[in-house]
Amino acid sequence: MNSTSQKQVARPGAASLTPVFVRLKLSLLRNGLRQSSGRKAVYITSIVLVALFTALQLLGLTALRGTAHLAALTTLLAVVLALGWAVVPLFFASGDETLDPTRLVMLPLRPVPLVTALLTASLIGVGPAFTFAIIVGSVIATAHGAAAAVVGVFAVVLTLLVCLALARAVATANVRLLTSRRGRDLAVLSGLIIGVGMQFVSLGVRKLGAAGGLHALVPVADVLRWVPPGSAMDAVRAAGDGSYGAAVAELALSAGALALLLWWWQRSLTRLMTAPDSSTLQAATQPDKARAGRSGLAGALPAGRTGAVMLRSLRYIWRDPKTKTAWMSSLTLGVLVPMLNAAQGHGSLYFAFFAPALLGMQMYNQFGQDTSAFWMVLQTIASPRDAYVELRARAYALSLIAVPYVLIAVTGVAAVTGAWRSLPEVLGMSFAMLGALLGTGAMTSALFPYSIPQGSGFKNVAPSQVGIAWLSLFGGLIAGAVICSPLIALTIWLHVSGEFGQMWILLPLGAVYGLGAAWAGLRLAGPRVVARLPEILLAVSKG
Amino acid sequence: MDQGRAPAVRIEGLWKQFGQQVAVAGVDLELPAGQFIGLVGPNGAGKTTTLSMVTGLLRPDSGRVEIGGHDVWSDPVAVKSRIGVLPEGLRLFERLSGRELLEYTGRLRGLPGDEVDRRATQLLDVLDLAVAQHKLVVDYSTGMRKKIGLAAALLHNPEVLFLDEPFEGVDPVSAQTIRGVLERYTASGATVVFSSHVMELVESLCSWVAVMAAGRIRAQGPLAEVRGAAASLQAAFLELVGAQRTASGDNLDWLGGGAR
Numbered sequence: 001m002n003s004t005s006q007k008q009v010a011r012p013g014a015a016s017l018t019p020v021f022v023r024l025k026l027s028l029l030r031n032g033l034r035q036s037s038g039r040k041a042v043y044i045t046s047i048v049l050v051a052l053f054t055a056l057q058l059l060g061l062t063a064l065r066g067t068a069h070l071a072a073l074t075t076l077l078a079v080v081l082a083l084g085w086a087v088v089p090l091f092f093a094s095g096d097e098t099l100d101p102t103r104l105v106m107l108p109l110r111p112v113p114l115v116t117a118l119l120t121a122s123l124i125g126v127g128p129a130f131t132f133a134i135i136v137g138s139v140i141a142t143a144h145g146a147a148a149a150v151v152g153v154f155a156v157v158l159t160l161l162v163c164l165a166l167a168r169a170v171a172t173a174n175v176r177l178l179t180s181r182r183g184r185d186l187a188v189l190s191g192l193i194i195g196v197g198m199q200f201v202s203l204g205v206r207k208l209g210a211a212g213g214l215h216a217l218v219p220v221a222d223v224l225r226w227v228p229p230g231s232a233m234d235a236v237r238a239a240g241d242g243s244y245g246a247a248v249a250e251l252a253l254s255a256g257a258l259a260l261l262l263w264w265w266q267r268s269l270t271r272l273m274t275a276p277d278s279s280t281l282q283a284a285t286q287p288d289k290a291r292a293g294r295s296g297l298a299g300a301l302p303a304g305r306t307g308a309v310m311l312r313s314l315r316y317i318w319r320d321p322k323t324k325t326a327w328m329s330s331l332t333l334g335v336l337v338p339m340l341n342a343a344q345g346h347g348s349l350y351f352a353f354f355a356p357a358l359l360g361m362q363m364y365n366q367f368g369q370d371t372s373a374f375w376m377v378l379q380t381i382a383s384p385r386d387a388y389v390e391l392r393a394r395a396y397a398l399s400l401i402a403v404p405y406v407l408i409a410v411t412g413v414a415a416v417t418g419a420w421r422s423l424p425e426v427l428g429m430s431f432a433m434l435g436a437l438l439g440t441g442a443m444t445s446a447l448f449p450y451s452i453p454q455g456s457g458f459k460n461v462a463p464s465q466v467g468i469a470w471l472s473l474f475g476g477l478i479a480g481a482v483i484c485s486p487l488i489a490l491t492i493w494l495h496v497s498g499e500f501g502q503m504w505i506l507l508p509l510g511a512v513y514g515l516g517a518a519w520a521g522l523r524l525a526g527p528r529v530v531a532r533l534p535e536i537l538l539a540v541s542k543g
Numbered sequence: 001m002d003q004g005r006a007p008a009v010r011i012e013g014l015w016k017q018f019g020q021q022v023a024v025a026g027v028d029l030e031l032p033a034g035q036f037i038g039l040v041g042p043n044g045a046g047k048t049t050t051l052s053m054v055t056g057l058l059r060p061d062s063g064r065v066e067i068g069g070h071d072v073w074s075d076p077v078a079v080k081s082r083i084g085v086l087p088e089g090l091r092l093f094e095r096l097s098g099r100e101l102l103e104y105t106g107r108l109r110g111l112p113g114d115e116v117d118r119r120a121t122q123l124l125d126v127l128d129l130a131v132a133q134h135k136l137v138v139d140y141s142t143g144m145r146k147k148i149g150l151a152a153a154l155l156h157n158p159e160v161l162f163l164d165e166p167f168e169g170v171d172p173v174s175a176q177t178i179r180g181v182l183e184r185y186t187a188s189g190a191t192v193v194f195s196s197h198v199m200e201l202v203e204s205l206c207s208w209v210a211v212m213a214a215g216r217i218r219a220q221g222p223l224a225e226v227r228g229a230a231a232s233l234q235a236a237f238l239e240l241v242g243a244q245r246t247a248s249g250d251n252l253d254w255l256g257g258g259a260r
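Chains as they are written, first to last, in the UniProt record's numbering: chain G, 1 to 543; chain F, 1 to 260.
Looking at chain F on its own, in the form it has when it is part of the complex (with noise of 0.2 Å):
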């Protein structure tokens, strides 16, 4: 990719501790820009806290970021229009139908009518929301949230979008959808930072990775680097973080099906 281009997000020092527990250690990262980035780590790697620091829904203790050449905390009004958050473990306004969501969150951006109702109606038939788009968010199921999340988080048409999870708990069609329209978005150019600690997903989907453990960074670049001479991601990572396979003990050789 051409490397001329300025990176879409520059972290540098994020620091984020809640009472004792330290989150996020000074994470450091640049982001290139119009690739399709993976952060990757175990649950409890620092993943949510970073990428909700860096787009605004949580206030880092130190350190900054930059999207665009734009500072999130000290130019709001530069960064919140370039960007499309899907953040994992937040509510929708669910007690709105699925048009009703998108028709909403298209005026709050500041788009004209019309325009809204067009682009809703595009990204619902491309999510395979059509037949869902009068129900109540609230009557969604998991993989139907995260597709009008996603369309939420489109609406705008942002630079970078970052996704928490997207494909948790969400069945394999509606991931083949996702995984679609994501393809289609990079493809133009655009940016996207997703979280998994999924590697195989990791390893289909991205170009370009960052892997992240005890809330640090581990390793990051194109995924052959990272991936190095290791036989998959999977086996490169649990390298990086140092995990050994427990010993399968006999503990639990009663266990088998058949005998009785």
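Pulled out of the complex, with its shape left as it was, chain G reads as follows (with noise of 0.2 Å):
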């Protein structure tokens, strides 16, 4: 190599860099075009609806122009933005590919003019576009007055790349964490984690109009006009207002943030792309943590297969990543949704059933909870007898859990609906139902495996498997509730002849009804699992 040659590759200065990562980015934005036409039709339905949706919010800013305290709303929105954008790539890593530096550290590149190309490339997309209208949305319709709208122009700028800056730096600050095996867990569990951060929105959007106006938001902002980026925002106001020295520090705020952003940004990319890759580091450095061999609960468990499907499947829901979504919404929703209809004053103690109904359901597709690693289990599962005492420790495992919780759960709605009289027969039912899915959901199993894919937060089913999936679903719940049905058929004969005094039967009744279920269940599946071992090891497989 020349000298001139090897001083181009060594040192590519920004003007021909970003260029090639804008190109790079569109090229990525092209592609997004170029996949199945199901998934196509995602992205182009996706790209209509978030335009559909900045087009209402900026009429809607618009239209707000004017009404009291205004800016409030404003700064707040700026900081919550800032606040999203930091967050959601930590979760979507894999959603922008630019965002992964490690992909370039081969490349002979340098710091500033990689900054530089990468915060270009990521003004480019339809989460930039999105964030623009928002902002220049609250411009106009915070600036009253030629001051203020030169000092939004500023405001723009500086909340838009505030923004980006700094997702870019966190994302690239825990590049590590997001790479690593616990950063894939933190994003199965995102799902979760967006739909609790929902149910918190949309309390704050009940509260505000319960407030009836946007001066309840007036403290809140006070705080946020000196938070980055919300502090450009705000500027736009107090320029409005004549205090210009107010406005200006608040820009001047800002533009340090950024500053300070940038270099956090570039400070970590040269990090990371000079630093030994973190597999490595990991295993290098990783102290040995113990887990607690034999725990109090491994000690209190039954010896044999028993306790250790039992112990296996307990671990399995914290553990994994998966199984941990699944039993956290069912945990939650099973006292969320009667809680929340009895709060509103139209709750009936019935709702109560959501709590064993979402609890039984876990007992659905357990060989599918288990992936391909079922063969472990396929190979230690010769007779009939086998395969039953497998099913019955993991509904054990599963009761463990279930019944206190359906036991608390509905004394609780019965303790906020008042209606402690129909407890003993809503217990009886709970009981009852949790068994019957019991014995159902051991029964699909057996019959209808499929496979849970395993990376994905929002996947939970093979996309070849669908039908079986819902076959087992609805089949397992309508089988449910005909088994119920005598118990259902008694409860409501009780009610039409007024015997509300012989209403308290139908709790031990109920109980014993749905341990009877549960076992007929197990015992008829117990066989159809060893009859069909291979064939539920490639259902479960696919993932």
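Because the hints were derived from the structure by calculation, they are not lab data. All values reported here derive from a predicted model rather than from experimental measurement. C-beta: ideal position from N, C-alpha, C; glycine also. There is no bait here: all hints are sound.
Away from chain F, derived, C-beta distances all over 12 Å, residues of chain G:
(1) 16
(2) 105
(3) 242
(4) 479
Here are the simulated distance ranges between beta carbons:
(5) G/535 with F/71: 14 to 20 Å
(6) G/46 with F/169: 36 to 42 Å
(7) G/19 with F/230: 55 to 61 Å
Just a sample of chain G residues kept apart from chain F, beta carbon distances all over 10 Å, derived:
(8) 20
(9) 27
(10) 252
(11) 325
(12) 341
(13) 528
Dock the two chains into a complex; use the hints.
Now the structure itself:
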């Protein structure tokens, strides 16, 4: 190599690098359209929806112009946007391939041109366009006067850049986490976290509606106006009010934050691209953390297959992100739905059936939850008895949580609704339902197993097995209802004939009935599991 | 070796087809007991499919498999306690630590708790996993996964051990460890059947080989017999499957690293 070409290779200037990254980003966006027709449809639909939403909020913000305390809203909005930019890429790290700088680690790139090029490239995309529209809408809504308009231009640029630089800096600093197993586990849990987050957002909106105006936001905005990029947004209001000093200070604060973020980003980028890979570091430095081998629980469980299977099932509820998500959602919704209904005044104790229903469903597709590791179970099951004991142990593990949970949840709902008189019958029916779902769950686990894709937080069925999954779930639920029907008939009869004094009998009857239904289901499922072992393995290995 | 012993594995007319694709087209094999047996063949020869059917993981379309005189599909109770399996491409219970995985497997196999403890400790030691025993298997490297899988397969002291590509993606140190354990295991009279597409490995390890290509057995017998007059198993194998060296043309004449 001669010296000039060496120089060229070693130091590509920002001028030459930026167009390359912009073109790369455009190609990636364009390639989003070159997927299968199904994904293309999703892609286009999402773009159209975002465009529609953007237009609507732009109109909305413009229409709000002149409302009192509107700046409080736009300041809050800017901070929330920045927060979103900081958090969302952590969950969807694979969403933007240019976000992972480790892909560029073998290229001879200097930090400053690289940061410039990456920042420019990240301005392109649906997300930045959406953010840009919100910020522009906010400025239009709050800018009063020429000075405010000028400040507004700076505010738009600063807010957008702070959002993007924040997203990049946080992602780069956490790239080790994101590419590690813990990061991927976190991504699987993201569905749950976002779901819970939405509950809080909707709660906040309702509170705001109840408070009857934006003035409720003012105390919050008083703090946030000194938090970039909220400060840039509030500068527009300040300029409109004539407090130019405050406006300049607020803009400078945001600009300072931007500079700090860029510095942090560049520093983590340099460190990341010159340090050894995370897996190497982890292997070399991570101290060996001893897990409690024989904890109290392990010692208390029965010996043999029953105890081993129970312990593994319980460990998986906590350690396997997919299983954890399913359980957390069930445990949360099981109380949340009846409680919310009760809180809104039109609650009935019968909503408490959500608790046993959602927990009982965890028995469904037991072997799918094992993934292809089911072969380890398969190798040790040789007789219907083995299969029965295996399924029974899983049902035990589930009941260990479900029975006390249902007891507490139903009693809790009874306390909130004050329907103490119906407690015995609802509790009895709940146990019957739980037992019926355990029984039918064991059967459908044997007859209609399907794979649960592991990496994604949002896919719970392998694409080719959606039919089986629905059949399993709905067939099982209908069968469960049919199994419970004698008890339902008895309840109705007691109600109709006015025998309210006899209602208590439904509690022991329901408990025994549920036990019987679960036992029968497990007994029937045992021989079917043994007969279908290779078929089950094949069905659960597609994820 | 003694010819009087019954074969460890007897396979008759084993057939498996996925749609139009015939994966295993009538395999007949008699694998002698107490030997280190290699099932060799190129990728896609049907080795994994054959081993899956032999170990009860996959149901054959037709054919019979007997292990120690017991039919795999009609007498699973007798067979499953006698075999150990390490499949390729299937997961383990990765959210357990190495030791927890062994405890779980041992108790599923019906071994008493303290016996599982004792064996697990020894296996973890011998396989160099003692340091990582409390780490989750999901954080293990490929070599460590193969080793913990091997430990799980050996825990109940099976008569026949089936290993699908046990050395694939394994570093040299782990490979040597695995090798040592397997050699000790066969020396005690047990049988190891493993599949591989690395001829040198099979040649250095095995006393008996079966060569498989396109779903059929092309040759089987003691290593020396199968190798015949050829210089190496590799040469004998290429001859058997009829693979001709493709003419290395002059298309890549620019490739050399020096000139520019």
